[in-house]
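One line per chain: the protein sequences are A, B and C, in this order.
For the first sequence, the numbering used here begins at 1 and goes up steadily by one.
For the second sequence, the numbering used here begins at 1 and goes up steadily by one.
For the third sequence, the numbering used here begins at 1 and goes up steadily by one.
In short, the hints are calculated from the structure, not lab data.
All C-beta atoms, glycine included, are put in the ideal place defined by N, C-alpha and C.
Any given hint could be a false lead.
For lysine to any residue, the following SDA-like pairs were computed, each having C-alpha atoms within a straight-line distance of at most 20 Å [said to hold, decoys possible]:
hint, chain 1, residue 1, chain 2, residue 2
1, A, 414, C, 87
2, B, 139, C, 51
3, B, 96, C, 30
4, C, 286, A, 203
5, A, 335, A, 91
6, C, 240, B, 170
7, A, 190, C, 158
8, A, 424, A, 225
9, A, 261, C, 144
10, C, 125, B, 48
11, A, 424, C, 78
12, A, 335, A, 293
13, A, 70, A, 414
14, A, 261, A, 280
15, B, 171, C, 35
16, A, 417, C, 67
17, C, 286, B, 48
18, A, 186, C, 157
19, A, 261, B, 243
20, A, 414, C, 93
21, A, 335, A, 319
22, A, 190, B, 48
23, A, 190, C, 156
24, A, 284, B, 4
25, C, 124, C, 30
26, A, 261, C, 158
27, A, 114, A, 430
28, A, 74, A, 57
29, C, 240, B, 7
Residues from chain A that face chain C, not an exhaustive set, calculated with beta carbons under 8 Å [what the hints assert, rightly or not]:
hint, residue
30, 109
31, 112
32, 427
Simulated restraints, written as ranges between beta carbons of each label pair [what the hints assert, rightly or not]:
hint, chain 1, residue 1, chain 2, residue 2, range
33, A, 430, C, 166, 54 to 62 Å
34, A, 50, C, 163, 34 to 42 Å
35, C, 105, B, 9, 25 to 33 Å
36, C, 105, B, 210, 21 to 29 Å
37, C, 90, A, 139, 43 to 51 Å
38, A, 407, C, 128, 55 to 63 Å
39, B, 210, C, 166, 55 to 63 Å
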Amino acid sequence: MNKRFTRILATSITAAALIGSLGACGKGSASATSEGANEITLWTHNAGNPEELAAIEGIVDSYNKSSDAKAKIKVQAFPQESYNDSVVSAAAAGKLPCIVDIDGPNVPNWAWAKYLTPLKLSTDLSTHLPSTVAEWEGETYAVGYYDVALAMLARASDLKAAGVRVATVEQPWTKDEFQDALTKLKGLNKWDYPLDMGTAGSGEWLPYGYSPLLQSFGADLINRDGFQTADGVLNGDKAVEWARWFRGLAEQGFMATKSGKDSTQDFLNNKSGVLYTGSWAADKARAALGDDLVVMPTVDLGNGPKIGGASWQWGVTEGCANPDAAMDYLSYSLKPENLAAVAKATGTIPATDEAAALIPAFAEGGANRIFMDFSRQYAVMRPETPAYPFIATEYGKAVQDVLAGADPQTALDKAVKAIDANIKSNGGYKN
Amino acid sequence: MLVRILFAAVAAFPIVFMLVSSLKPDTQIFGDMSSVAAFLPVGNISFDNYAAVFDRVPAARFLVNSIGISAVTVVLGIFINSLCAFALSRMEVRGKRVVFTVILATLIVPFQTLALPLVWWVNQLPYFELNGFSLEISKGWLDTYQVQIIPFIANAFSIYLYHQYFESIPKELDEAARIDGAGWFKIYRQVVMPLAGPATATVAILTFLPAWNSYLWPLMVVQSEELRPVMIGIQYFFQLNVSWGEVMAYASLITVPVVVLFIAFQRSFINSIASSGVKG
Amino acid sequence: MTTSPLATRPRPAATTPAPLPSAPHRRRAGFLREQISGWGMIAPAALLLLLFVFLPAVLGFGLAFTNARLISPRPVEFVGTDNFARLFADPTFWRALLNVTYFAVVVVPVQSALALAMALLINKKFRGVNFFRTVYFLPVVTSMVVVSLLWLFMYRKDGLINELLSTFSFGLIQGADWLNDPATAMPAIIALSIWQAAGFHMIIWLAGLQSISGELYEAAQLDGASRWHQFRYVTWPGLKHTRSLVLVTITIQALGLFDQVSVMTQGGPLDSTTTIIYEAVRSGFKQQETSYASAISLVFFVLVLLISAVQRYLTREKD
Numbered sequence: 001m002n003k004r005f006t007r008i009l010a011t012s013i014t015a016a017a018l019i020g021s022l023g024a025c026g027k028g029s030a031s032a033t034s035e036g037a038n039e040i041t042l043w044t045h046n047a048g049n050p051e052e053l054a055a056i057e058g059i060v061d062s063y064n065k066s067s068d069a070k071a072k073i074k075v076q077a078f079p080q081e082s083y084n085d086s087v088v089s090a091a092a093a094g095k096l097p098c099i100v101d102i103d104g105p106n107v108p109n110w111a112w113a114k115y116l117t118p119l120k121l122s123t124d125l126s127t128h129l130p131s132t133v134a135e136w137e138g139e140t141y142a143v144g145y146y147d148v149a150l151a152m153l154a155r156a157s158d159l160k161a162a163g164v165r166v167a168t169v170e171q172p173w174t175k176d177e178f179q180d181a182l183t184k185l186k187g188l189n190k191w192d193y194p195l196d197m198g199t200a201g202s203g204e205w206l207p208y209g210y211s212p213l214l215q216s217f218g219a220d221l222i223n224r225d226g227f228q229t230a231d232g233v234l235n236g237d238k239a240v241e242w243a244r245w246f247r248g249l250a251e252q253g254f255m256a257t258k259s260g261k262d263s264t265q266d267f268l269n270n271k272s273g274v275l276y277t278g279s280w281a282a283d284k285a286r287a288a289l290g291d292d293l294v295v296m297p298t299v300d301l302g303n304g305p306k307i308g309g310a311s312w313q314w315g316v317t318e319g320c321a322n323p324d325a326a327m328d329y330l331s332y333s334l335k336p337e338n339l340a341a342v343a344k345a346t347g348t349i350p351a352t353d354e355a356a357a358l359i360p361a362f363a364e365g366g367a368n369r370i371f372m373d374f375s376r377q378y379a380v381m382r383p384e385t386p387a388y389p390f391i392a393t394e395y396g397k398a399v400q401d402v403l404a405g406a407d408p409q410t411a412l413d414k415a416v417k418a419i420d421a422n423i424k425s426n427g428g429y430k431n
Numbered sequence: 001m002l003v004r005i006l007f008a009a010v011a012a013f014p015i016v017f018m019l020v021s022s023l024k025p026d027t028q029i030f031g032d033m034s035s036v037a038a039f040l041p042v043g044n045i046s047f048d049n050y051a052a053v054f055d056r057v058p059a060a061r062f063l064v065n066s067i068g069i070s071a072v073t074v075v076l077g078i079f080i081n082s083l084c085a086f087a088l089s090r091m092e093v094r095g096k097r098v099v100f101t102v103i104l105a106t107l108i109v110p111f112q113t114l115a116l117p118l119v120w121w122v123n124q125l126p127y128f129e130l131n132g133f134s135l136e137i138s139k140g141w142l143d144t145y146q147v148q149i150i151p152f153i154a155n156a157f158s159i160y161l162y163h164q165y166f167e168s169i170p171k172e173l174d175e176a177a178r179i180d181g182a183g184w185f186k187i188y189r190q191v192v193m194p195l196a197g198p199a200t201a202t203v204a205i206l207t208f209l210p211a212w213n214s215y216l217w218p219l220m221v222v223q224s225e226e227l228r229p230v231m232i233g234i235q236y237f238f239q240l241n242v243s244w245g246e247v248m249a250y251a252s253l254i255t256v257p258v259v260v261l262f263i264a265f266q267r268s269f270i271n272s273i274a275s276s277g278v279k280g
Numbered sequence: 001m002t003t004s005p006l007a008t009r010p011r012p013a014a015t016t017p018a019p020l021p022s023a024p025h026r027r028r029a030g031f032l033r034e035q036i037s038g039w040g041m042i043a044p045a046a047l048l049l050l051l052f053v054f055l056p057a058v059l060g061f062g063l064a065f066t067n068a069r070l071i072s073p074r075p076v077e078f079v080g081t082d083n084f085a086r087l088f089a090d091p092t093f094w095r096a097l098l099n100v101t102y103f104a105v106v107v108v109p110v111q112s113a114l115a116l117a118m119a120l121l122i123n124k125k126f127r128g129v130n131f132f133r134t135v136y137f138l139p140v141v142t143s144m145v146v147v148s149l150l151w152l153f154m155y156r157k158d159g160l161i162n163e164l165l166s167t168f169s170f171g172l173i174q175g176a177d178w179l180n181d182p183a184t185a186m187p188a189i190i191a192l193s194i195w196q197a198a199g200f201h202m203i204i205w206l207a208g209l210q211s212i213s214g215e216l217y218e219a220a221q222l223d224g225a226s227r228w229h230q231f232r233y234v235t236w237p238g239l240k241h242t243r244s245l246v247l248v249t250i251t252i253q254a255l256g257l258f259d260q261v262s263v264m265t266q267g268g269p270l271d272s273t274t275t276i277i278y279e280a281v282r283s284g285f286k287q288q289e290t291s292y293a294s295a296i297s298l299v300f301f302v303l304v305l306l307i308s309a310v311q312r313y314l315t316r317e318k319d
């Protein structure tokens, strides 16, 4: 009865041989140890997004081919959801690449952790959309090629049937108008819920999508004067008002406390009338609805419409073997044609007007130009403090608790207490 | 029998949903969800999603990686863990109670606690590379195959399972073999292990699964695309605009090897009532 | 021969084999060899576990006494029991503990019983048994992404679960909004978890059932024992070893609930589904408070260790 054992042994030897041949030279190609002064690695978050990845690789290729390239750039793509964790692990092991892209609001946190080094670029950043340049303590640490904008999407036919005015940039909906519109739309009895704000979301969507509403009420995530405390700002009267209003939308039956997993799909399948989402969904919606699609600014809840700002941005890491080459590459990549290539591929708002001029949809009069206007006029950066990741999780939890029916003051007080304690325990997050 | 069928229906419906949805375009998946059509291949069916999967993700590579990594982990694990369990259960080894208890204790440690210290630690370990004729020693196991395999070969769960199973095999068999002059390893190999077919099948299946599903660890230690396993691959589909049909197609693809393995191994669960554990 | 309860299989007592005439010499000589062989067999597994589980675990737990953070330029300092003080004063932690206890108390008996029932159903030889075995195992291999998408949808107020409830109760029972109501969220997660993991333990039970000698069943049948008697006097005692394995592993898995909560409810609504491990992962990975997460993990470890120890004591072999 030796057979089984021999079989197992044989299988394991074959398998080991298979693995051995697969991993012929052992380490993977993206290891930072293969970096030298002449070849530097670039990590990006868009694995699985072939268009964006192709655009980035296009820029890298043309840089590598150019005669005054200071080093050869190698690209390694990671899937977006897990990208941050991969970078943090690599940092814990001391093996970061030279160039990384970072989700905007995390830049101060990584700069404070000394992952990033201040940028020294040969491009003038003043013409860029302000939300695409990340600064902390007076230094610029990252710069983005594009931004995205939040908006309200709806069908023109539905709005007409309900007798609701189409909101415009010059005249966005006020809080009362929004209430009125929702009541009328609900009266159409076409959907279970006329409004879909993506309440099934989690993670970064919660602060990104909902803190602008908080800010439109006049409250904020943290006192931006010094970034030391959130007291009075996140749990003040205006904040509680916002929480009551938000929960009120669900209580009145306008929106679900937990939407479907893909709000855009639900909207396109006529399960809702008004969709609160970002410019990334616009092309898909337009393809499905054509001229019936109407893109509107978000609601003015008292202090003007506010939307989130800052998307993925590029920085150079502290331990880079050849920072000059890295900076040189970044400057090169900020040329209008390169910016345009990326923005076009991703359907996002290009960072400069010159780049926008090269893209029909974003040039003056283009179908998506309106998102650029939203960004310039309404964008508020999520707080530029290293405390942001903590603030984001606490705020996210507060939002979910408020939606589930918790007392707003209590939920917000709890968040503020935790945030203040965290800031204190980190010495105020000073440089 | 009816009960069996009912259980089967309850167990299988999400997989049916997954397989059927992998053939549908995104909008239809969500449209069908509110009716029984979610489980039926109706409407706009095609294999487009599968084609798109291979365009977006190097799925074949990921599958090969995962199969290789999981297979090696399981095979080496069966050997090493059963050996340990054998000694702990059937031999009079000084201190075996303590060792067994400590091993069981490791079952309790959640992986998330281990993850970060382990990342730091594997990076301190030396790495041998054959470069031409010289043996190069460098530091750190990050971004390799072995970092995805070696930490997971020894497995308290397998040891525990083998231990309990060995306890139910009569010890007289060992005595008989000892009298015939057999050494302990021979007893292990020729007497006990052949009787442990069901245990081996169980361990194979139940350790292949976590190895196959491993997500947190590869995320932290694997950086190059060519070394990634399948679960990292599924993340490729979750960016701002999720393509659900492709997710379903990919999920279907990665379920296949596990099911195949299960079918192959569960044959070891002998069917006949006349199964006897006592005959040598 | 009456069918007296068979506590063990019909074989001679296996505890201490009577020494053979020349045994004393052999035993002494073999004793050392046995120690060496034994340790040699234990060594590979033990070494690997030591290096890759024990060591990082000690490091990890050690961090609980510091103020280490995931990302920080500040040096790590020793802070003693500060993290624990903070932990025990945090109502969310106690809620998590309550939730996990509730979960375990329901899941451990229900899931093990269900898994045993399923194993018994597929332990016979009949046409198509392989098909049923595979199908029963499917929930375990179905990707969590697919499971969560479907079950999130099914648990809605207008979803499948409520429709079925209403149909089978002729409109009497109106289902709740399962995942959004703090009172029903945990039961919903419990149902989902049992559904998903029963197949896992079914396999373990099946292996245990396989180890019961067929001769015992034959003997019992010859004596005219009913199916129930066969189960009670042949099967159940024969599963003694499997029983404690299943019990301990289900308990550890139940107390360590994380995946379903993370994907379906993120601990909500209002902390009604948060678990100890979920809080640990949230603090450690999302909020970057590594030392606090380590404190939670250490408390979890000690807790589960105690519970498992008690379990093993209660189910120990009473010779």
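Hint check results:
no.	hint	in the structure
1	414/A with 87/C	holds, 15 Å
2	139/B with 51/C	holds, 16 Å
3	96/B with 30/C	holds, 17 Å
4	286/C with 203/A	holds, 9 Å
5	335/A with 91/A	violated, 30 Å
6	240/C with 170/B	holds, 14 Å
7	190/A with 158/C	holds, 16 Å
8	424/A with 225/A	holds, 16 Å
9	261/A with 144/C	holds, 14 Å
10	125/C with 48/B	violated, 41 Å
11	424/A with 78/C	holds, 17 Å
12	335/A with 293/A	violated, 33 Å
13	70/A with 414/A	violated, 51 Å
14	261/A with 280/A	holds, 16 Å
15	171/B with 35/C	holds, 18 Å
16	417/A with 67/C	holds, 19 Å
17	286/C with 48/B	violated, 37 Å
18	186/A with 157/C	holds, 18 Å
19	261/A with 243/B	holds, 12 Å
20	414/A with 93/C	holds, 14 Å
21	335/A with 319/A	violated, 26 Å
22	190/A with 48/B	violated, 33 Å
23	190/A with 156/C	holds, 19 Å
24	284/A with 4/B	violated, 45 Å
25	124/C with 30/C	violated, 43 Å
26	261/A with 158/C	holds, 15 Å
27	114/A with 430/A	holds, 12 Å
28	74/A with 57/A	holds, 9 Å
29	240/C with 7/B	violated, 26 Å
30	109	holds, 6 Å
31	112	holds, 6 Å
32	427	holds, 7 Å
33	430/A with 166/C: 54 to 62 Å	holds, 59 Å
34	50/A with 163/C: 34 to 42 Å	holds, 40 Å
35	105/C with 9/B: 25 to 33 Å	holds, 29 Å
36	105/C with 210/B: 21 to 29 Å	holds, 25 Å
37	90/C with 139/A: 43 to 51 Å	violated, 37 Å
38	407/A with 128/C: 55 to 63 Å	holds, 56 Å
39	210/B with 166/C: 55 to 63 Å	violated, 38 Å
Going through the hint list in order, the structure does not satisfy hints 5, 10, 12, 13, 17, 21, 22, 24, 25, 29, 37, 39.
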